[in-house]
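Take the two lone chains and join them into the complex the hints point to.
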Amino acid sequence: MKKSLLLLFCSLICLASYGQSTGRFTMKGIVGDTAGVGLPEATVMLLLPKDSSLVNFGRTGKDGSFEFKNLRRISYLLKVSYVGYLPYQQNVTPNDGDVTNVGKLGMKFLNQDLYEVVIKTARAPLSIRGDTVEYDPKAFKVPPGSTVEDLIRKLPGMQVDADGNIKAQGEEVKRVTVDGKRFFGDDPKMATKNLPAEAINKVQVFNGKTEQSKVTGVDDGKREKTVNLELKDSHKKGGFGKAVAGVGTDSRAEGKVSYNRFDDKQQFSVLGFGNNTNQSGIARNDYQDFKGSQSFNWGDDGDFGFSGGIRYFGGEGDGITISPSYGSGSPGFTKNWAGGANYNYDTKKTKVSTSYFYNSTDAVMDVMSSRDNFLNNSTFKSTDKNLTKTFSGNHRPSFRLEKVLDSLNTIILISNSRINNGDTDYNSFQQYRRGGDTLSNQSTIDNASLYNSFAMSNLLLYRHKFKKKGRNFAASVGYNINNSDGSSRLNSINEFFLDPSNNSSINQQNETESKRNQFKGSLSFIEPFAKKFYWETFYNFSLRKDEVDRNVFDVKDNVLQTNQFLTRYYTNDFTYNRIGSSVRYSNKGLNISLGLAAQQFDLKGKFGQDQSSTSFSHVDRSFFKVTPNVTLNYDLKQNRYLFMEYGLSVQEPTIADLQPVVDNSNPLNIVEGNPNLIPQSNHHVFAGYNMFNPASFTNIYVNVNYSYNVDQIVYNKTIDENLITTTKPMNISGGKNYGSYVYLGFPLKKTKVSMNVNAGINFSNNPIYINNVINKTKTDAYNFGARLDITPSDIFTLYANANWNIADTRYSINTNQNQKVVNSTYGADMNVKMPKEIYFNARFNYNSYVNNQFGFDQKQPILNLAVYKIVLKNKRGEVRLTAYDVFKRNLGISQSATSNYYMETRTKTLSRYFMLSFTYNMRGMSASVKRSNY
Amino acid sequence: MNFPKYNLMRLLAIMLSLSFSTAFAQKMEGEITYEKVTAWPKLYGTLTYMSNEERDRIKQTWGDDESKQEMRLLFNGQKSFYTSSKHLDNDAGWSWNEKEYKLYRDMETEKRTDIIEMLGKIYIVEDSVRAPKWKIMNKIKEIGGYMCMMAVTEDTVKKQKITAWFADNIPLGVGPDLYGGLPGMILELDINDGIVVTTAKKIEMKPITDDIEVPKKIKGRKINEQQYNTLVANHVRDSFKARRAFFWTMPY
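So the sequences go chain by chain: A and B.
Taking the working numbering, the leading residue of the first sequence gets 1, the next gets one more, and so forth.
Taking the working numbering, the leading residue of the second sequence gets 1001, the next gets one more, and so forth.
So that you can see chain B by itself, here it is in the shape it has in the complex (with noise of 0.2 Å):
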């Protein structure tokens, strides 16, 4: 057999003690951080707007020019947390204001509520948790010690490709950004062939300390998942008409 001991143990510890299989779910409890790697000239390569040429300069210029975030995943068996944290690249310590963005499931009541800074504004989305149709594509991979899966969906509003690579030994239903659904965790989120790529460095079964509670008091405008989406595919839409690049004000 061929991966890792501790998971092994690990599962087997959990189907010993498996005797409702609620109980299975709770013990799910740690954190994932992973490395959100932008490649700039690649994101550019997406304005339609632009000529070859205009996108062969920057490609030319720019090379591989990418940047580096690292994001957090906090979850037990019933609660997530997803947020940013620190700028991997940002040797020189230079500070600037960091946009809100924190994502919270709830998977026992099915609810999200997500604090997403956009288009200038602090938004709370609050709705049910709606999963993504989802493709299981017949790819494997193993990412940080885990096998996982394939599976492809589509971003109809932002126009995206995703490819989510999840690991079925780790029955939770969340991953990066606001993915999730699948019959394992999100270990490796890729956006547009490799233009944003979220992937778990490090995967840590441990009880957690921090608060991945909804906060009770947050300001903001709170919406639902309908307004959200017409928000994001308003601005996507104009942005290409005022030929501006949409992802400077929104996650991409």
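Chain A on its own, in the form it takes in the complex (with noise of 0.2 Å):
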């Protein structure tokens, strides 16, 4: 079909004569209202009786004729179309002659009701005719509670029998949908019996293909008789869930449960699990199906302007929101127990989520380390040997409610809480020998804590859109508290055998509250101008009060005598003021933007032994800084992308640092305030470069980053010659750090074969006093990587990659401290598909760390194995028999190395064991030995 409408006009009206092949014929006739009278500039149109292709079409002359010429001689569905009137249609079959006149055509009138109620009120399509009959179950009344079988009933032209077969213009329904899907299998009574006639919007009749010729996807031209059942939106809803259990050698246990049920505008999900496997945080995955539509929430904290605007407040034990976890299981052995519930209710206009959680990890910690310090001119070693046994739980109510008051006005409440409460036990055996292997000191420490804490975070956010477009104000208050109540024992024992002296041995109670509150708010206004321009205004505010009391006991045959050095009451008043302006400018691809901002740190610290003592010592200290920040976002052609950033970041000293008194709560490790401090600086630039060639799937990245730390504030320590080291705050400038980064990645073989390989330089160099000696560490550091993915079928794939660290460090003084450090690891991963849906699949990583300085070298290879079966109809159910850590060289070693010391630490962790479990999942077990990239 491959006509030009002006041809047409030509050929049609024109009336140009042409030979007429043998075979050929002409069509015409004329176009009228009921009336007769000629209807001119109407669209004839010219289909195939078949499918309703359309094979010619063109308009009546001014008296409303029309001729087609030099047709093939088949049947036709001549179909005519005029504004105002019901569209027309009729078969034609030539005749004998070289012209078949099909006469005069009367139209029909568009009923005017029919046009304004279906048409222009409902918005809805409206079938004329055709092969699908539309019915609107609002015109057939049934009573409340009868489901679609009911209402089918009462439909013209069907009927249904005893037994709820339903026939359709006599012949037998062999199939329903809903909304064009195949409702629970294949048979039809299932949607009409269960299925509320009041959740349904239209049924539709018509003649569907078989299911055989939508399998092959060969039209068998056979057709059944098919009823769909379109759902009104507000029934749209489902549920879903997923059940895993797992028991295991070595007493292993996981098990996990979650089930979602949705409408429209609805989501209430519920998820729980529990595990002594390690894992404590709640999967990416789970997050997301638990929380729906709330996963991602951005700018929910209010703060505005470029980065460094508010003031971190956090506290102890984990967050307040629960949060998806990425990494791989946590170390030592836990028990691990959570559970909650979300409900979501979403329109356009209100949002509204509210969710409980509560998790609980009991967890042991088995560890032994030992250190080489080395000072100026002597070494020592230590040893120690501890147990840590500690409990945490948590409950988290959140709430969250988002109203769009109009189309201009947005607020925005969120409310969260955790309620946290915990112990610890503490048992721990140090030992320090010097020179060779002379005991010089050792410590018994058996401490033991209980602790219950509550923090509450809680925001009102406002954002205002005004007519011009790009002109925005916005709002935020916020409210956080987060206050504790703790108590704890600590006894230890303290020898020093070169000077008995100093022995001591510690038995005391400690019980501190500590309560803190802030209350923030920031402002911001957006103007556009000159189009390309967009200018922010910002203002943030933050008041934090702290308060801590805390009572330190000595124990004596039972008795309590404070103890006047320990025992302490604070408060601290940190104001934080921040107004700044930033302009950017957006283009054509381009973003660029430059800002400022002056800051005001008030802090103001109040300390003495109690509430009432009379002799509170003060710190009053104020910062002013000016923070310049300049952004680029380069979104060039050809998809490649450059960006830049340039900032200034400012971090105030804390009150503690800043206090002028000496703790000596842990006698071999003083730790002293100093009042001198000021605010640390950091300057930090970071551009880079993407490409991607979607044609040749090759990926570019490259990035380049370096900072320069001003009055950075580092812990010095001095150490004295009863290995009693003694930290304190300092400013130092002139530590800094820059590296560079490079990403290529591209297929070997198309879909098939793809490597990515990368390098990266690291090169830092930081300052520190160590017994009042600068001691600068520079560190170069080295990586290469590479990957292999193979992916050649649906039935194997490999996934292989490598990666190569060089760290070589070097000290100003200490030099023979001089280190090299090389850690390499390989790792593969195997997916294996195999008849009758069974799956292997086998991780294999291996790890080598090398320091030549300490003859330190591990190499660590740890296999899983993983053999699972897809069973149950539907593909709902999986069996999977998995080998953790095969070899069992999961030893929890590790290593790490300054200028002034070595250490080696091994944490009993969980190693080899082997696991049976079952999974059942509603919506099939989703198996594939590929990886998607979405």
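Honestly, the hints are just simulated from the structure, not real lab data.
Fair warning: there could be bad hints in the mix.
In silico DSS-like cross-links for lysine-lysine, where the CA-CA straight-line distance does not exceed 27 Å [said to hold, decoys possible]: (1) B/Lys1135 to A/Lys69; (2) B/Lys1121 to A/Lys750; (3) A/Lys465 to B/Lys1201; (4) A/Lys467 to B/Lys1202; (5) B/Lys1158 to A/Lys749; (6) A/Lys532 to B/Lys1201; (7) A/Lys532 to A/Lys467; (8) A/Lys752 to A/Lys869; (9) B/Lys1068 to A/Lys348; (10) B/Lys1099 to A/Lys750; (11) B/Lys1161 to B/Lys1135; (12) B/Lys1135 to A/Lys108; (13) A/Lys403 to A/Lys237; (14) B/Lys1201 to B/Lys1141; (15) A/Lys637 to B/Lys1217; (16) A/Lys469 to B/Lys1201; (17) A/Lys237 to B/Lys1161.
Printed below as a string of structure tokens:
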């Protein structure tokens, strides 16, 4: 069909005469209304009767006449359309002559009511005729509570027998679909007997293709009577769930249940899990299923302006809200329980989300560490064998409301809380040896603590859009609380073999109550100007008040005596103000923003022995800083991106660091404050380039970064002859860090084998004082990695990777500590699909860690194997047998070294075990050997 | 009668002035502003390599997350020009690189010149206009005061079900994207049952001042329709094999 309108006009209306070829014919007629008046410019279309394919079209002349010439001698469906009239159609079979005259076609007026109601008001397409008959159930009243079957009984042309079998126009209905999809299997009665009539928007009856032809794609021409039930939007609901249970050797077990129920406005979900396989966090997918439409909300902190805004407000324990866990399992041995429910109500105007989640972790950490300490001219060795048992339980209720008041105004109210309790038992045996193997001192520690805490974060956010596009105003106020109440018992025996006069025995009771609250607010106004510019002005305010009351008692013969050194009461008021402005230029893919902010920190601290103390010491400091910020994002043509950022971040000293007091609660590690500290600042530059060629699937990424510290707060150490370390914070400038990273990904054989290589370099220089001598640590690090993805088919894949890291560290003092660490990892992940829905997965990871200076050479091969079979109807079940750490090499060994110590740590951790698990997933298991890139 | 008076008047005026049939087409000059709405969760639902679970997760998390873009179609009797205009949901005014998407049709010479940026390159597709195999259905609805008939076809390359609503009293065989060849202007184009719906929001019959001629100089690789279809088909096939979403790198 390659006709232009113009040519058609010529052939139809200009009546040019062509010689008529054999077998061809001319069709002509006149389009008129029911009164016989000719309708000019009506659209006349010739369709094939079998599938309504358009073969030719044209328009009627002034008198309503039309003519199609040179037509193949077959039957046509003639269709005429004219504004204000019902489309007209009739079958035309050519007669024996050269010309078939269809005569005068009478078009009917389109019923005005029908047009008004169906087309204009309901804005719904109207089915005139054709193969689908559409019923509107509203016209056929059934009592409330009726099923679809009851409704169908009432529809003209349809019958339902006593067994529920349906006939439409005398033919048996073979299939009932809901919104075009099959409804729970093949039995047509499933839907009609179970769905409520009020859920139905439309009942459509048509002749559908047979299942056979749908599967094969070959239209066998057979048609089956099909009824489609179109659901009302409010009844689009569903549910899905998943359950996993597994038991293993070494008394390992794990279980997880999740269930979701939803309709077009609501989502309800529950999630629960328990295990002793170190999975304490919520897996990313489970988090997303649990939170549903509220999984990700941006800007919920209510802080405006470029980075470096409102202060960090933390506290002990985990976050106030639940978050997905990305990492692998925790070290040591943990027992975990968690569970909760979430409800979301979502409409365009109102979004409400509320959830409750509880989790608890029982952890046992059995650690052995040995540490070689290097002083300016001597060395000593310390060993520590400790066992920590902790319990932590968190209740987390959360609430979020987002209300769109009108097209210009939105408010968001958020309230999240965490109620946390826990306890810790800590036992440790520490020994210090100097020069050779002489035991210098040792400590035996037995501590126990209990705590309760309550944290709450509330935020009210208001956003206003002005009529002028791009002009925006936003304001937020927040109130946060973080209170904790803890008590602990500290017992230790400290023996100094070289100078027994230092021997001490600590037997203390500690009661600490800490209250912290913060009031914060932010304002932002964005004004667009000159079409390509956006000017933002912002203001941030925060007032934080901390009150800590610590009472420490020495226990002597079961009598409590206040410890004058450690008992402390203090309040800290911390006020932060920032005002700033930034201008962004946005045009043709280039976004460049320049900003400047002025910030003022006011720190007021008051501390004494207790509330009733007569002499309080004070800290009263103010700092003022101006910070610039530059960002650039450039989206270039052909999938190339360029980005750059420069910023200056400023961090004020903590009041604890400013307090001119000595904390000797640990006699071997004395901490001293420094009232002369000033804020530390960091200049940082980051720039990168990214290119992707979608045709060849080639990807290039390059970045460079640089950062420089001014007045960095570092903790300087002084170690005396008794090996007592005194730590004191001080400002120091000159620390810097810079590096670059390059990544290149490309296919070796398109869709079958792809490879990527990456390389990075990083240089850092960090100064610190040790025994009042400046020590510069320079580290040059190089890394190189490669990955190979082999995905030849749907039954076999292999993902292999290798990474090498070399870190060369040099010290300006203790140069004999200079060290080179080579860390190599090799990994492979193989997936095989075998017959009968059996899959095999092997993951092998080999890690080698070599530090020549200390003769540390660790090789750790970890192999995990799994074989699983998909079972049950619709692939809903999976039986899996997994072997974790087949070689039993997960030994929890780690190593670290600085200019003045070298440390090796060994944490007893979960090693080889086997697990047999069963998963039931209502939506079917998704077994695939390939990874997705979506 | 129940259609806008304006159009009836125009129609009458046109019919009266009709001496030669070509004159009819020439007067058809104006601009249509479309709104192109992409339903992202539904679009992700078309990636057959994802499991039901993954698809449901996207649907549950992103709900009816959609993006809106304005498209413009300019036409006079002989020529038409279709291109992308501003993003309607970009309040913050961020600018990103707009992919070249300029479709020129010459109805007189039946030539198409399409400047399409895809697969990281700018392609110039030059060929004759070929219409897809349309089926005319028995459904009507109103769009912007015009009564439209429904026509359906299939994009066999991208495996898409195409539904077009055309107004036979704007007798120009063009419309959004690469679709045309119907007895009237396409005022709504629906790809795969609501995944991408381009609907006319403003239909103005007026003399147009914008240049709708194919630019004399265009940078890009010249290909014909056959080569274009091959490129698209190969990329769609490779992307599915590599489990990537193909629609990030070419128009859906």
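- Does the structure keep B/Lys1121 and A/Lys750 at a Cα separation of 27 Å or less? Holds - the C-alpha atoms of A/Lys750 and B/Lys1121 are around 19 Å apart, at most 27 Å.
- Item | Given pair status - A/Lys749, B/Lys1158, alpha carbons within 27 Å | This hinted pair holds, its Cα atoms lying about 23 Å apart.
- Regarding the pair A/Lys469 and B/Lys1201, is the alpha-carbon distance no greater than 27 Å? Holds: A/Lys469 and B/Lys1201 sit about 19 Å apart, inside 27 Å.
- Message: Need the status of pair A/Lys403, A/Lys237: alpha-carbon distance at most 27 Å?
- Response: 24 Å, holds
- Item | Hint consistency between A/Lys467 and B/Lys1202 [alpha-carbon to alpha-carbon, up to 27 Å] | 21 Å, holds
- Message: Would the hint linking B/Lys1068 and A/Lys348 be met if the CA-CA limit is 27 Å?
- Response: Given pair B/Lys1068, A/Lys348 holds - Cα atoms ~16 Å apart, limit 27 Å.
- Pair hint outcome, B/Lys1161 versus B/Lys1135 [Cα-Cα no greater than 27 Å]: 12 Å, holds
- Within a Cα-Cα threshold of 27 Å, do A/Lys237 and B/Lys1161 meet the stated pairing? 25 Å, holds
- Task: Compare the distance between the alpha carbons of A/Lys752 and A/Lys869 with 27 Å, and conclude whether the hinted pair is satisfied.
- Result: 25 Å, holds
- Query: Hey, B/Lys1135 versus A/Lys69, does the alpha-carbon distance stay inside 27 Å?
  - Reply: 21 Å, holds
- Query: Are B/Lys1099 and A/Lys750 close enough, with their CA atoms no more than 27 Å apart?
  - Reply: Holds. B/Lys1099 to A/Lys750 sits at ~25 Å (cutoff 27 Å).
- If you draw a straight line from the CA of B/Lys1201 to the CA of B/Lys1141, is it 27 Å or shorter? 15 Å, holds
This entry satisfies every hint, going by the numbered hints stated previously.
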